[in-house]
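Visitor: Take the two lone chains, each set in its own frame, and fit them into one complex as the hints suggest.
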Amino acid sequence: MSSKKSTSRSLSSLSPDQQQRVLLEESKKAASHEAFYMKRCLDSDKLMDALKHASNMVGQLRTGLLSPKNYYDLYMHIFDHLKHLESYLDHLKHLEGKLNTEKNRGERMSKLYELVQYAGNILPRLYLLVTVGAAYINSKEAPAKDILQDLVEMTKGVQHPLRGLFLRNYLAEMTRNKLPDVDNQYSQAGGGTTEDSIDFILANFTEMNKLWVRMQPPERGGVKLRERREQERKDLRLLVGKTLATIGRLDGLTETTYKTIVFPRIMDQIISCNDLIAQEYLMECVVQIFPDEFHLPTVSQLLDACTKLVPGVNIKRIIVGLIDRLSQFASRQEGAINIEMDVFAVFYENVQALLQAKPQMDILEKLEMKVALMALSLEWYPKNLENISRLLGFVTHLLTEEYPAPARVTDRKEVTQIMKLLSLPLERFDPLVALSFEHYSTLQNFLDFSQRSRIAMDLLDTAIARGTKIGDLAQLESLLLFVQPIMGGPAADEPEGDLVEESVLRHQQQRLSCVVHLCSHQDPEELLRLYVTIARNGETALNQDHLKNTATIGVRIEAIFVPVIFRVLAMAQAMTVSGAPTDGSGPSEAMAKRGKGLFQFVYKSVSRVATVNPRLGLKLFLQAGSSAGNCGFGRIAADFLAQALVLYEEKLAEDVEVMEALTLVSGTLEHLSAAIESEKYMPLARKTAKFSHRHLLKKPDQCRSILRSTHLFDGAKNPSANDRLCLECLKTCLRIADDCMEPGMNLRLFVEILAECVYYYVKKSPAVSAEFISSLVALINTNVGDDTQSSDRAVLDFYQATLSHAKAHTEGLDW
Amino acid sequence: ESNNSLIVGRNQRAEASRPTMAFLFGPRCEVGIQFDKAEKRKKVEVPKTSSTKEFLYLFHGKENVKGKVVVRPKSRIEHKGIKISLLGVIEMVYDTGTPFEFVTVDVDLSPPGVLETDTEFPFDFVKVNKKYESYMGINVQCRYFLRFDIEVKNSLANVRKELGFWVHNYQVVPEINSGIKMEVGIEDCLHIEFEYNRSKYHLKDVVIGKIFFLLVRIKIKHMELSLIKRETTGRGPSQFNENETVIKYEIMDGAPVKGECVPVRLFLCGFDLTPTYRSVQKKFSVKYYLNLVLVDEEQRRYFKQQEITLWRKK
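First to last, the protein sequences are chains X and Z.
Counting from 1, position 404 in the first sequence corresponds to residue 475 in the numbering used here; the numbering is continuous, with no gaps.
Counting from 1, position 183 in the second sequence corresponds to residue 195 in the numbering used here; the numbering is continuous, with no gaps.
One or more hints might be untrue.
[To be verified] Example chain X residues on the side facing chain Z (calculated, C-beta under 10 Å, incomplete): (1) GLU185; (2) MET225; (3) ARG234.
[What the hints assert, rightly or not] Computed beta-carbon distance windows for the label pairs: (4) SER115/X / LYS216/Z: 25 to 33 Å; (5) ALA260/X / ALA50/Z: 43 to 51 Å; (6) SER62/Z / ARG111/X: 28 to 36 Å; (7) GLN256/X / ALA50/Z: 45 to 53 Å; (8) CYS201/Z / GLU244/X: 33 to 41 Å; (9) GLY197/Z / ARG336/X: 28 to 36 Å; (10) LEU469/X / GLU205/Z: 53 to 61 Å; (11) LYS65/Z / PRO87/X: 48 to 56 Å.
[Stated by the list, open to error] Over the 12 Å line for every Cβ pair with chain Z, so calculated as not near, a few chain X residues: (12) GLY228; (13) LEU233; (14) ARG479; (15) MET730; (16) VAL833; (17) ALA841.
Everything labelled a hint here was simulated from the structure, so no lab data went into it.
Every residue, glycine too, gets a C-beta built ideally from N, C-alpha and C.
Just chain Z, same shape as in the assembly (with noise of 0.2 Å):
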């Protein structure tokens, strides 16, 4: 909760700053910025404020982004250029610094000159790479945005319309992915051996498994694997670890005798889940564990993670 509202907080604090300027210099034009298509394109929900949502559009990387800017001038405006620019940018909750900007793409629209009547600006981004998807964790957000700007001659306050997007990106069927075996125990007490089918998993598997007990000494009352979701940000000694229990799924209800075997079927298509993200622009990071939990009778817990890779399917 608590860090969500983190996020909220930027947020209002980049939209407290447009109505001020509107009231010192007035609007001067209504901008608004269409994708072409945009009824046949899929949006993702994301969240806006700690209660309200908003719908982007979705793009994949590789995806050309082309739509048209509307202008309807209240007055004259004689400007020394118009431009768009395509942005991703990855920002630090902590950090107030400016954003890193890791794609910028600017495109002239118009020399300078007078804009007095409506006008449209055809854009297209093509072969902009949108490289990493986008992304809104605790301590990091990537996201993408268009900018619109015109500077207005003889004024402080240029005009400017940002229109955020959402990013996805489809893998490829990763060619080696083997299953994950592993036997772990504590001596005397309690051995058991996992196995999970793949150690790769799209967003919408299964993960299909079993646990063998292969000597159970103390007693257990439950079991239940988990998917925690690690987001790192930073590096050395300001690196930081949030972990996030997205999944806790029961498995196993009572105690098991030494030669049981208990099946795991993990439905991942339930929940909101992004791939694993690996060094992003070295700023962050975000990897997924399946989290194997014992709870013995006095409460105590036994675990073991396995850190298995998520990616996104076509």
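Here chain X stands alone, though its shape is the one from the complex (with noise of 0.2 Å):
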């Protein structure tokens, strides 16, 4: 006594967390203490004192101090020990049979059950009838569902919110395991049916809500108590659910009883305990703790309950919990699904009553709920394109009324479910379907730049990898437009936001250069409509204004027009190919039309790519030109190698790499040499070998370069070409060795130009004469003698080799 009172003055100096502390340390200490004697007691079989001693355990809860947390605790911690109590009991009913007659045994339990219903205090009482309830249904002394009724009615008793909210636990947690079911050991001999057990549980959940409900925070008190109370509500909602599962785990519950009892009740309850809280969460418990072939035939009475809950609750996540279980349910079931119903006709028909009904929902919800039920559709009717078309056209009703033009969706969880309405249908339609959505391109507008850009590589991406392909120019135009961040960045009145990255622009590049690959046709003609369809459109795309001079502007171009000029080279290679008359005359008229209209179209892109990107566009050109010369459009092929020497002169000339560009150059225009004609041709060649000599700075390279141009007046090759400026080129390419000073090197380029000079003899050109070659070589060796200490291996290798070659292939001369 002493000791309490010292407790309860101390207390008052405590902090109110500190306060719960000792009196939920104290309570477990008292409780602990009559369970040590609970337990002698059992040991020594003295039941009735037993049952005191845990009489008055259980009382320690009938505390009102402890807030909901720590008499949680408390009643774990008795909950343990109760078990001892409960296993006995258990085990009395064996005992008894051994000792007793059967007739002694029956008026056990029933003695017992009675005998605990003398307690005076209705808390412990009834925790003592619950265990002792328990183990009398375990003896099967009665018939499970009377007993059960019994528990589930005298429990009414504790009508405290908290007391009564754990007591009922109890009773479910007691009774977990021994409700009657189909062919459980507790339904034979008239123990009950999965019914009784319905109906116990459902009683028992009715009650536990009622309670719950209750503990409504006080209406006076500071908002920081309001909100403890309403965490501390939230806490135990888990008992609530807890008992309300236990329906959905009995194997007696068919369609027909959950559509005609069991989900009438719950809703009954729902709906009439008017709580938010509650309303909630018992709702989303409903949809998740049932099987999916449950809520096909209450779908709408379901939705139809939703729009009677109180203003506040948060029907949408209960709705789209609802259609997101059974769009995985539909994923689940393999080939189609038997059923008659049209889901997503009753659900879009039922949230559309909703929104009629709830028009202050806002837009976020009704979008989250639109995004559900695509993806319910999509898994129920993947073929179905009308409820596609339907939803979009829904949302983008909406969107236009919530954002007029030209205002643009910035909240980012409205972005995030346009996104997802936007890629749904990516997930299971050829872009192209989704693309003849009316409202499919109409959505993407409600976007601001990345996010249009992001949809659009999702869109680009899937057509990619599913290998669409795009046969008609309406398809293509729709595609482009939609692509149409990706290929012109932002629009003009819109910041462009974070910058992009460069790797980022470029794979974006790259994924819509992969547009131009993924066209098809059968008819060259439609092909090339689509082709240039693309062209202008990039060439439109690309003019605007605020884009013309930005960094990215070559990226873009190349991306956009190189594709498209491989394609119509390659068309042309594949028109003279199929087309090429057998008499080798040449292309007919038609073909030649044809040909040129295609060069036209690539002469044209590759200017346009030259002009941003004058190496990659002489590399085009000649391309071009080879193209041209090889499909026997030798005036074309020469008109691209003029312009890449134009552009080389005005672009290249300055640039380090001319001497690769030259390379280039003469190998092309050598490739051509027969196919051009030669008015044609000897202006290009001899401006080239001019490039070389004059815009190369250092002399290995002017005297290499000069080398190569030397094939270009090889009159075997073209009738046209001069040997005589063929051997001018030679000399000069002496002369130029001659005056390098970097050692070693006049030897080596030496015993190149030999080289080059032996292949000309052996072919017997007229350019050079046995005389020249053998001048050479005694020059080499007076070089070599002078300088065999320093001399590279290789090169003396290679004069070695040429020497030998020449030998082989020539016959009377004097070396």
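Guide: See below:
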């Protein structure tokens, strides 16, 4: 007594949390104390005394001082101890069976059941009644259903929300595994049916919920207190939900029972409790704990119930949860789902009705529901386009009202939902199908640049991954419109937002360029039209003022034009191969006209590339020229080459890689020497040779470049070529090589020139005489003699190899 | 406690008188009164003093009281006659006057003569209607006993031996036994309707009932059902009422809301109860009341008493 007094006196000086701790510790200690004696009595079979101690122990739960969390702690502590009593009582049955006659045994449990009801205090009385009741069911000395019914009725005596909730939780826990169900031991011999168990659980659940709802925070008191109470209440929701979940675990729960008994009763309770927290939580429970099959027949009712909930309940979350569940259900099913009803229609109509009924619902919630609906339709009716179209139409309508153009959606959550609406169809359908929805592209316009780019990339990736075939102009145009953000960057009136990283940009453009390869059509004319469309769109996109002068323009232009150029060149090639006349008389008139058309287009495109990347332009001109030549369009080829040289002269002469450019030019020109008429050819060849001399700074480069140009004048290849010019070039090379001051280099160049001369001589070109070679060999020999030490081994080897080659292929040459 | 001690006080007075007589005149003989087949008869535990108890044989009201008296004279006793009486008396604790004898049956066992050897006197009280049950209350007692008397010649001290026994009367199942249903309340504050399944309960019965809450505007902390035993003695201005709560049983914890219904189940069997006695010889009554008590958070008590009849079932 005195110790208690001192505790209570000292309590007031503690903080509320500390007080709680002290109170909890004291209660636990007292409970442990009683538990000890209870167990001792049980060990010596003094059941009556044990019950007395048990009752005292449970008496600790009568406290009204502990917070819900601490009360739970205490409850668990006592719960553990009560397990001893439970197992003793279960064991008692067997013990009695051995010791006493059948009759006595039957009386024993019912007597005990009566006996515990003499306790004067209701809470310990009911805890013991439940404990004994559970053992009573276990003994099967009375029908389980009767005992359950009695227990759930008697527990009504505890109306205190917290204490009642825990008592009923105890009831649920103790009977969880003792409920009559199909073909289980508790249903036998009139023990009860699944329906009886359902009745019991529903009754308990209803009462629990009523108690839980009653734990309203006080009307007065600070906001903080209210919040804390609310949180405490939320913490307890699991107790209610757990009880409800027990129904879902009954084997005997059928669809019919669910629809006719369980569902209506639960809904009744949810709706009538009029409490926001409870309604939100329990609706979610219902959606989650019952099998998908059960939801199908009750979808309408469930959605209807949603309209009857108190204002403020997050209906959207409930519905989305349900839709998601059913979507997953459909995705788990193999093959078609054998259900008559049109699940989508049911949802769609109910959701529409709900939106009508709840106009205050915000746009985000509406969007989220539509997203869920879309997922549902895609899972259940993967081939149905009408549903998706309807949804997109509706959403567009919604957004147009909310964000009249040119407003864009900025709320990140809303944006996420719009993105989902756009990307979900891509998961199921070909991008072209997605684009065919009337409002698909419209929806994109509500997004800002970066999001538009993202979805455009999604679309591109999907198209590439699926190998989508674009064969229709309208399709292509809608696709190009959709990928406009990638193609043309942000619109003029909006900021670019985050800087696009170079690697990202390159990646995007690379994907964009793939569109060209997706185009396919049997008719080359049509195909060309597609390519032209791409180029034209690209041109238009890139001609926007704000884009013209940015650093990214080069990458963008290349992405659009380069693939187009190559495809068209390939078309030209293919045309020549298939349509060339067998007599070798060159292209027919019709083909010539078409070919010209193709190359004109190429010419224009390459010119466009050349404006931003002359080096690439040069290469493309050469490539185009080469193709034209191969296809028999010599004049066109010459034009291309001329254009390449113009480009070289204007843009590349100052470039550090002139050498490479010149090599390419001369290579291509040489390659085409036969295809181009001589009056066009010679100026080109001369120009190339001249450039080699003038534009290169290093002697070895000059030398080698001119050496290469000699081939341009090789009369064996082109009748119009002038062998004299070839010799001139060779002499120029020798002069430059001789001027070369770099040690060892002149020797190397001499050998290279020699190799070239031998080549001409072996070919019996009039350009090179035997004397010329002999004197060159003599010159080299002198040089080798001067400089054996420092001479490069490789050079000497090359020299020897050249000599032996010459010897093998020539006769009567005096070395 | 204090009431108990009063009863004891009276007993002590009775006890004290006999040894004194014995001391003056010395015991002349040993007397024992035995009931037939006593070993098979049920006994009732009755408090004798504050700390001791005695066990009395139990008879039913219409049962014959049969047995024998064994007398072992220590010396020769010349007597004027031997008799045995069955008495039923009602004694008031505060009334020091002679007890009211409502049953007196004398039976002569022997004409005047001499007792020299051990002698047995069989007796058999047939058809003595022991209408009232034995009862030991706070202010009143109803008791039965046998009194054996030897009127000794030439002596002031007669031989007297008394033996109490206990009487129960079984009652027939009541023909009319409707439930009790009643709506009570405090205006705009609390309205409840309670319902007990019967108005008459036997002593091993169970009170089953329900409390409906029709209106709750006070903060109820708990509700209990108690059984009050009211013993009424005397009449008119000298009437005494003793109320004793024999059962106190919590039936609800916490505050209910409108529409709640709380079950009542009270097993009477475990408590020491008597049947209802109504105006026993116009001397006393014992009545029982179910008292429904609601306690609010300020410890205010709201209650409603309802009489129930208790009866003894065979």
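Visitor: Would you mind marking each hint as holding or not holding in the structure?
Guide: Structure-based check of each hint:
no.	hint	result
1	GLU185	6 Å, holds
2	MET225	6 Å, holds
3	ARG234	6 Å, holds
4	SER115/X / LYS216/Z: 25 to 33 Å	30 Å, holds
5	ALA260/X / ALA50/Z: 43 to 51 Å	47 Å, holds
6	SER62/Z / ARG111/X: 28 to 36 Å	33 Å, holds
7	GLN256/X / ALA50/Z: 45 to 53 Å	51 Å, holds
8	CYS201/Z / GLU244/X: 33 to 41 Å	38 Å, holds
9	GLY197/Z / ARG336/X: 28 to 36 Å	31 Å, holds
10	LEU469/X / GLU205/Z: 53 to 61 Å	54 Å, holds
11	LYS65/Z / PRO87/X: 48 to 56 Å	53 Å, holds
12	GLY228	5 Å, violated
13	LEU233	9 Å, violated
14	ARG479	52 Å, holds
15	MET730	97 Å, holds
16	VAL833	116 Å, holds
17	ALA841	125 Å, holds
Hints 12, 13 from the earlier list are contradicted by this structure; the remaining hints agree with it.
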